[in-house]
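Undergrad: Here the sequence shown stands for residues 1 to 115, where the numbers follow the working numbering.
Bear in mind the hints are in silico, worked out from the structure with no lab data behind them.
It is possible that some hints are incorrect.
[To be verified] Label-pair restraints from in silico Cβ distances:
1) Leu71 with Phe106: 21 to 29 Å
2) Thr59 with Pro27: 36 to 44 Å
3) Leu60 with Trp8: 32 to 40 Å
4) Pro41 with Thr85: 30 to 38 Å
5) Leu53 with Ile92: 22 to 30 Å
6) Ala16 with Leu45: 39 to 47 Å
7) Gln29 with Trp8: 37 to 45 Å
8) Arg12 with Ser83: 38 to 46 Å
Just so it is clear, CB atoms sit at the ideal spot from N, CA and C, and this is done for glycine as well.
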Amino acid sequence: MTMQWPDWLPIRTDLASLSPYGAPQVPSQAAMNTNENPFPPSLELQAAIAAKLALVSSTLNRYPDRDAIALRKSLANFINELSKTSFDHNSIWAANGSNEIIQSIFLAFSGGSAL
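Modelling step: build the complete structure from the supplied sequences, incorporating the hints.
TA: Structural data, given as structure tokens:
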């Protein structure tokens, strides 16, 4: 199936005939192609999530720190404890998934022409 791009979208001609990847929606017990876990979270994890949500629910009307400093510091501490190193949180890049990272790399190194 070929995707029809809107006329106003300035997509490159060599990409216009391509269709984006989409994980097939096939009913199954373990949908591994969509990174789904066939098992629900444990009751302990569900309780821990509910407890944490109760603590932070009063701030859900605000955006999180866009630099994710607390997350990056926690990850650096985890790495340091595990590897007995002194990894700095400024060396960690937090992003909204691999697509954002790939897009940022293309924008940084292609001058914007690769997208």
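Undergrad: Determine for every hint whether it applies to the structure shown.
TA: A quick look at each hint next to the structure:
1. Leu71 with Phe106: 21 to 29 Å: For Phe106 against Leu71, whose Cβ atoms are near 24 Å apart, the range 21 to 29 Å holds.
2. Thr59 with Pro27: 36 to 44 Å: 38 Å, holds
3. Leu60 with Trp8: 32 to 40 Å: 36 Å, holds
4. Pro41 with Thr85: 30 to 38 Å: 31 Å, holds
5. Leu53 with Ile92: 22 to 30 Å: 25 Å, holds
6. Ala16 with Leu45: 39 to 47 Å: 45 Å, holds
7. Gln29 with Trp8: 37 to 45 Å: 43 Å, holds
8. Arg12 with Ser83: 38 to 46 Å: With a Cβ separation near 43 Å, Arg12 and Ser83 satisfy 38 to 46 Å, so the hint holds.
In terms of the numbered hints stated before, the structure departs from none.
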